[in-house]
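Undergrad: Here is what each chain is made of, one letter per residue.
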Amino acid sequence: MDMVNIKINGVPVSAPKGSTILEAARYAGIEIPTLCFLKDINEIGACRICVVEVKGARSLVASCVYPINEGMEVFTNSPKVLESRKTTLQLLLSNHDKKCLSCVRSGNCELQKLCRDLGVDDEEYFAGVRTETEVDESAAHMIRDNGKCILCRRCSAVCEKVQSVGVIGANERGFRTIIGTSFENGLADTTCVSCGQCIAVCPTGALREKECIDDVFAAIADPTKTVIVQTAPAVRAGLGECFGMPIGTDVEGKMACALRRLGFDKVFDTDFAADLTIMEEANEFVERVQNGGTLPMITSCSPGWVKYCEHYFPNLTENLSSCKSPMQMFGATAKTYYAEKMGIDPKDLVVVAVMPCTAKKFEIGRDDENAAGVPDVDYAMTTRELGRMIDKAGIKFNELPDEKFDEPLGLSSGAGVIFGATGGVMEAALRTAVETLTGEELKSVDFTEVRGTQGIKEAEYDVAGMKVKVAVASGLANAKEILKKVAAGEADYQFIEIMGCPGGCVNGGGQPQQPGYIRNTVDIRAKRAKVLYDLDANMPVRKSHENPAIKQVYAEYFGKPGSEKAHHVLHTSYVKRGM
Amino acid sequence: MAKNIAIPFKGTAEQEAKLRQVIAEHKSDKGALMPVLQKAQEIYGYLPVEVQKIIAEEMDVSMEKIYGVVTFYSQFSLYPKGEYTISVCLGTACYVKGSGDIFDKISETLGIKGGETTADGKFTLVDCRCIGACGLAPVMTINDDVYGRLTTKEVEGILDKYRNA
Chain A
1 MDMVNIKING VPVSAPKGST ILEAARYAGI EIPTLCFLKD INEIGACRIC
51 VVEVKGARSL VASCVYPINE GMEVFTNSPK VLESRKTTLQ LLLSNHDKKC
101 LSCVRSGNCE LQKLCRDLGV DDEEYFAGVR TETEVDESAA HMIRDNGKCI
151 LCRRCSAVCE KVQSVGVIGA NERGFRTIIG TSFENGLADT TCVSCGQCIA
201 VCPTGALREK ECIDDVFAAI ADPTKTVIVQ TAPAVRAGLG ECFGMPIGTD
251 VEGKMACALR RLGFDKVFDT DFAADLTIME EANEFVERVQ NGGTLPMITS
301 CSPGWVKYCE HYFPNLTENL SSCKSPMQMF GATAKTYYAE KMGIDPKDLV
351 VVAVMPCTAK KFEIGRDDEN AAGVPDVDYA MTTRELGRMI DKAGIKFNEL
401 PDEKFDEPLG LSSGAGVIFG ATGGVMEAAL RTAVETLTGE ELKSVDFTEV
451 RGTQGIKEAE YDVAGMKVKV AVASGLANAK EILKKVAAGE ADYQFIEIMG
501 CPGGCVNGGG QPQQPGYIRN TVDIRAKRAK VLYDLDANMP VRKSHENPAI
551 KQVYAEYFGK PGSEKAHHVL HTSYVKRGM
Chain B
1 MAKNIAIPFK GTAEQEAKLR QVIAEHKSDK GALMPVLQKA QEIYGYLPVE
51 VQKIIAEEMD VSMEKIYGVV TFYSQFSLYP KGEYTISVCL GTACYVKGSG
101 DIFDKISETL GIKGGETTAD GKFTLVDCRC IGACGLAPVM TINDDVYGRL
151 TTKEVEGILD KYRNA
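As you go down the protein sequences, you meet chains A and B in turn.
1 is the number of the first residue of the first sequence in my numbering; add one for each residue after it.
1 is the number of the first residue of the second sequence in my numbering; add one for each residue after it.
Treat the hints as calculated values from the structure; they're not laboratory data.
These numbers come from a predicted model, not from an experiment.
Where a beta carbon is used, it is the ideal one built from N, C-alpha and C, also for glycine.
Treat each hint with caution, since some may be false.
[To be verified] Restraint ranges, calculated between C-beta atoms of paired labels, are given here:
#	chain 1	residue 1	chain 2	residue 2	range
1	A	D367	B	G114	48 to 58 Å
2	A	S102	B	A2	49 to 59 Å
3	A	D345	B	G114	58 to 68 Å
4	A	K80	B	G11	49 to 59 Å
5	B	F9	A	D367	56 to 66 Å
6	A	D189	B	G100	50 to 60 Å
7	B	K3	A	F175	34 to 44 Å
8	B	K27	A	T131	52 to 62 Å
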């Protein structure tokens, strides 16, 4: 590799040719502050926080986009640089709603941190007219408050480039510029898929989920209600970050304990329902293959993906598996099978779901998701909300002992836990489908071809003499690539797994937010996914169909996968929404 | 808040055919959106949601991206031009003589903001910079008629002339 020699703050540094000053500075152990910069996604040099002095240059340069060249001398902390950054922050604050005390991002706001680091102590320095903004609360899953927006455009870049949705972007110009939608419609009236990736990258509190924390506390306090909770696989791989733990810490045991201490009557696991999903989905796949049904079959666990399909590829909704998502299957099973078993009126059973996802908030309100005549799931909260709830209750999360989930809806297999990572649903399905089709026990349950954080993966398996070609995509721009091929009849896959968020649910829009400099330098997806694969490797049962609780629920209630009862409770339908 | 454009869309099949042809001609060009929007505005006189939708679908760009471009450049309009275009000079001389108040008064009276057209299609309100009649400041024009040394009190009467015309 060609190396370029430069000096940063007088220290000689070698960095690969083509590096930016920001990247080269890391070789010198310096992290230049950034605000708008997101590697590969938003490299626009707009916010001017990362400016540095380059000897001989006429003015300060944006280090995030400025390439290094031989002999360059850079100063990252000169008085001129620090003064400029400070002024930039003062200007940003002059048009910012500074209600920091109760802001959901207080304490992990990137703007707040910079102000503290750079000593911006006069918040009203450029006080004056502010851009007129309105709060958009139309969507089921989130709130957009442009009063806290700093126009960094991370959200719109993610929405357009990573998700290929592009429902938010910069409107108007100059001082009137705001991030908005086409014709400033509410998000609910756009093709927004509710994935929440915009929230995950927002440096401030301008974008946030619609909270249901108080409703859940109220339900727990209501003596007439039985309140049960389920947690998605990815939550245990992310929740620790809310309490300062390193990315990739498994907190399954502490989480179960915290939920119990919060007062939930039963602490169950969505992983159980992931196993249930596999039973139904593997059966549906085998049926489609044997009976000439619509192929490729595409997974339907990710509500952001499902909504994307309904808007952008309405002609492919027949390809979607009719299976409800694991969260909904859990709720539906709880309010039918479990309620019956325990003698609880489904109306008095409150199902709370903790999800790494914001689209789940939309999903719980969908039609055909009410097996017992009441919504399958009452509240879907994000991993972040659970973190806040635990804080609110004064529970010292880091000091909690490890506890286990309750039975029977808390029992799961290794196949269920890997649902939270891209490729996980495919692998879990293959473990069951292959054994079903061949009638033989798998030698190895590891389908490593579909693992890893790449956006698109393909593999081909020989199953009982039949070639099964599969594809896995995460992030909707990647999904779009595959779907275009399917729609054009150019793809010969039989089974496709799609997750709306890049890397899968571990990197979902409801997961703890990490600041730009972490996102730009750490593979968050891989670290969180490793938690799930490690859990799987150490589970005594690693195939959904061998989960004893699953066997029990079929024996006692559903009969067999794909039965009429299973169809009524565990399957759903889709809407051709179009644009 | 959602932008409600009260004037019904009256696009014809010929206009749409023309637009689709323009898009087809530019589709493979890099940065084709600007020329297509310019031509679309020539065809329709403005860029309503119906037109933006056709462009979005045909060019595989998001509705928001188009709306962002349309609202960025002042040459693009979301509203059809009314029968009468009221143009208030907000250049320096007129502004210091109170043309800002004139503009606000008209805006309030007609219930439209700058760039917008009244629901009956009668008036469009725009601001402009110096029209070279600083001696008459504050100045406005309504189509080809020039009004100078204006006061806010005169606004109502002047508008009435056109309302009843």
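Undergrad: Which numbered hints does this structure break?
TA: 1, 2, 5, 6, 7, 8
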